[in-house]
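Number of protein chains: 2
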Amino acid sequence: MPVILAKYLKDYLNKEVTLQGWVRLKRSSGKIKFIELRDGTAFVQCVLVKGVSGLEALESFEGLTQESAIEVTGTVQHNPRNKTEELLVNTMKVYQIAEPFPITPKEHGVEYLMDRRHLWLRSRRQWAILRIRHEIIKACRCFFDERDFTLIDSPILGPSAAEGSSTLFETDYFGDPAYLTQSGQLYSEAAIAAFKKVYCFGPTFRAEKSKTRRHLTEFWMVEPEMAFVTLNEVMDLAEEFVSYIVDIVLANRKSELALLERDIEPLEKVKRPFVRMTYTEAVDKLHELGSDIKWGDDFGGDDETILTREYDRPIVVHRFPASFKAFYFELDKENPELALGVDILAPEGYGEILGGGERSADIEHLLKRIEEENLPADAYDWYLDLRRYGSVPHGGFGLGVERTVAWICGLHHVRETIPWPRMLSRIYP
Amino acid sequence: MPVILAKYLKDYLNKEVTLQGWVRLKRSSGKIKFIELRDGTAFVQCVLVKGVSGLEALESFEGLTQESAIEVTGTVQHNPRNKTEELLVNTMKVYQIAEPFPITPKEHGVEYLMDRRHLWLRSRRQWAILRIRHEIIKACRCFFDERDFTLIDSPILGPSAAEGSSTLFETDYFGDPAYLTQSGQLYSEAAIAAFKKVYCFGPTFRAEKSKTRRHLTEFWMVEPEMAFVTLNEVMDLAEEFVSYIVDIVLANRKSELALLERDIEPLEKVKRPFVRMTYTEAVDKLHELGSDIKWGDDFGGDDETILTREYDRPIVVHRFPASFKAFYFELDKENPELALGVDILAPEGYGEILGGGERSADIEHLLKRIEEENLPADAYDWYLDLRRYGSVPHGGFGLGVERTVAWICGLHHVRETIPWPRMLSRIYP
Chain A
547 MPVILAKYLK DYLNKEVTLQ GWVRLKRSSG KIKFIELRDG TAFVQCVLVK GVSGLEALES
607 FEGLTQESAI EVTGTVQHNP RNKTEELLVN TMKVYQIAEP FPITPKEHGV EYLMDRRHLW
667 LRSRRQWAIL RIRHEIIKAC RCFFDERDFT LIDSPILGPS AAEGSSTLFE TDYFGDPAYL
727 TQSGQLYSEA AIAAFKKVYC FGPTFRAEKS KTRRHLTEFW MVEPEMAFVT LNEVMDLAEE
787 FVSYIVDIVL ANRKSELALL ERDIEPLEKV KRPFVRMTYT EAVDKLHELG SDIKWGDDFG
847 GDDETILTRE YDRPIVVHRF PASFKAFYFE LDKENPELAL GVDILAPEGY GEILGGGERS
907 ADIEHLLKRI EEENLPADAY DWYLDLRRYG SVPHGGFGLG VERTVAWICG LHHVRETIPW
967 PRMLSRIYP
Chain B
547 MPVILAKYLK DYLNKEVTLQ GWVRLKRSSG KIKFIELRDG TAFVQCVLVK GVSGLEALES
607 FEGLTQESAI EVTGTVQHNP RNKTEELLVN TMKVYQIAEP FPITPKEHGV EYLMDRRHLW
667 LRSRRQWAIL RIRHEIIKAC RCFFDERDFT LIDSPILGPS AAEGSSTLFE TDYFGDPAYL
727 TQSGQLYSEA AIAAFKKVYC FGPTFRAEKS KTRRHLTEFW MVEPEMAFVT LNEVMDLAEE
787 FVSYIVDIVL ANRKSELALL ERDIEPLEKV KRPFVRMTYT EAVDKLHELG SDIKWGDDFG
847 GDDETILTRE YDRPIVVHRF PASFKAFYFE LDKENPELAL GVDILAPEGY GEILGGGERS
907 ADIEHLLKRI EEENLPADAY DWYLDLRRYG SVPHGGFGLG VERTVAWICG LHHVRETIPW
967 PRMLSRIYP
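Note that the protein sequences, when read in sequence, are chains A and B. Under my numbering, the letters of the first sequence match residues 547 to 975, in that order. Under my numbering, the letters of the second sequence match residues 547 to 975, in that order.
Accuracy of the hints is not assured; some may be wrong.
[Unchecked claim] With beta-carbon atoms standing in for the labels, derived distance ranges:
#, chain 1, residue 1, chain 2, residue 2, range
1, A, 930, B, 655, 22 to 32 Å
2, B, 835, A, 970, 51 to 61 Å
3, A, 591, B, 779, 26 to 36 Å
4, B, 650, A, 815, 50 to 60 Å
5, B, 790, A, 923, 40 to 50 Å
6, A, 923, B, 711, 33 to 43 Å
7, B, 564, A, 882, 46 to 56 Å
Because the hints were derived from the structure by calculation, they are not lab data. Yeah, the Cβ is synthetic: ideal placement off N, Cα and C, and Gly gets one too.
Take these sequences, add in the hints, and give me the full structure.
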């Protein structure tokens, strides 16, 4: 008897197969007994009928508890009422009868569930979210692989607290301090001179004491970087990338989105061209919408929320005040108060999911900015080498995986978008 | 004029195109001048001819230094002597004349090059190695994606020094100690009850004070884990996986292997079935080969080297003394002194690239082993939950990316297999 994955059940109509999985629910109705089995790839109704199913299977049914592990063999049949395939069980093997499972269909508090994250993953919603996460990550990699980018992993451990150590996790590296990465960008800038187009994709860390629905201390980021491009090409690629991800998820994960009761109409509107506006235009628009943001301030979460609710597509905001952007940005030749940065804000109030821009190719400008910001010039010496040996216009961006998952899944908080969330007060299990 | 990547040059024979890149070498021969241009995707010979190429291009040529950044436009022509396409240059734009580049065709010491890793990446060998690394990582992900595995990222930061903290990097997590992961396995074991087949793929860390050619402090590992499998299925998947990776690299990266002067004959022999032997058989064989290993000792690097030189395919070693294996292994029912572990040793002296096995499904056994090893039972309470709620036979393995890259590329040391190596005395740049 072939052991199959539940997701392929419909390919075996009227055939005998074996499924292996866990009991999600069971119920009896007269001579008929039902098990909702989940095997990690789908959920299947298994039916036991007195006089049809094996006696031992019928007896085993009585002892089954939620999350008990079983193997069932039977015939795949179509259930016209549910419009789906189910298994008419003949025999059953019990691997283990589970102790009373601490997560039941009743409501549990978030902290209770987070303490049991290793078990909570089995619930339908968490399952659906993490399947979509996988699809998004796969889409990210495919997008860059298809476009001749080379994956160049940036290091996690780095030697210098270049931008100030207040939000860095520190460790003792054989006697010297080392820090967990916040971004692979500077390393990717080195790699483009070897590979032209690169991306890194790994975990990044921020030791921020903020407790918001948009922050994790450990999160994954994909960061492409390209040589011989300017801001416009960075913006074009970023738009293409975000719409590609949404297309792929809509094409491959409709059933998971349905399970999450995600309204997919707003996702179907995520088509190019996105809305494009300068930071200055965005501030004007925010004033219209009642915000008291001052020109020169960075957007707050609330600003992003009210702005993105105004449009049905993502917003590409560009040309920010240089004063709050990092030292490495190229300036706008038409107005050197502006840095050639770009953010993409996801619609429906989700806000920033992507940030990047054009980097300065000019060593004199970088040295001046490093001095202005009181940064340790020594720590950047290798980075400045990139302008000494074959400097070219270049740029890139970073996309936060968890914020993208939250938006596409329609979740209020990023804590459910990663298997094992790490937050200010959460590092267990 | 289309700006194209050098790798697509042959598609534009007799057409006019623009290339952007860096000067690797230049030379003159009478009326003809040559630039070897690298654009990160390939190396192209660019030819300038007096009376044919533009005057300004011919003048610009004189000032070019190694690593200068340029854009050249011209006609793609076939060079019958080199049997390759080259560019007959018409015009040239210079982005930057590089300062004297510190890495020249002469020999440099490894420490000198490692201090300049951000520039060394541009050399042909490093370029080829990291292109192969990308191909290997992509193959790993494709393999598991094609086989219905769900990517479930394990956390990097964890709360407990479960297996002893001597080789762990520690950080201050808002007042409590936290540790960088050495493996995602325990977390993956939780995830299989939700997804049946999962893998994690991320950086892992070992604060080992060892200085060998096989050790990095930061390295990448892919770790699949499966529910409802026993040791045999783990071994089968591991063999299939390793041969898949080699096939993909041979199919897609022949030119990079050639650039490394890698003899591909040994790689072409990496076909299933691999050589399979128990640990006990391996020890007997090692004695034949002159090793003084005692039954009960783990293999040393030297043992792996002499053993793997005996066979032309990878060796699958299984059933190890339980005494030196971790607490979570399932024991061999026929001989409970043996743990159902499996290692794969790469041929040509490379040794261990993969390790795994069948995990114990039995909570009583695990509790006993945790006590025997004096491990903190509290730290494993969530892990033991996995045996309370739907425990099933399961197993998996981890493959080290850098050791696999070293083997496939034929490198003596793992330090060149990762863009930014971290070792006992190396965390810069």
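Hints and how they fare:
1. The hint said 22 to 32 Å for the Cβ distance between residue 930 of chain A and residue 655 of chain B, and at roughly 23 Å that hint holds.
2. Taking 51 to 61 Å as the suggested C-beta distance range, the pair residue 835 of chain B and residue 970 of chain A conforms, at roughly 56 Å.
3. In this structure the hint that residue 591 of chain A and residue 779 of chain B lie 26 to 36 Å apart at CB holds, the actual value being about 28 Å.
4. Distance hint check: the CB atoms of residue 650 of chain B and residue 815 of chain A are about 55 Å apart, consistent with the given range 50 to 60 Å.
5. Residue 790 of chain B and residue 923 of chain A have their C-beta atoms about 48 Å apart, which keeps the hinted 40 to 50 Å range intact.
6. In this structure the hint that residue 923 of chain A and residue 711 of chain B lie 33 to 43 Å apart at CB holds, the actual value being about 36 Å.
7. Roughly 30 Å separates the CB atoms of residue 564 of chain B and residue 882 of chain A, a value that falls outside the hinted 46 to 56 Å.
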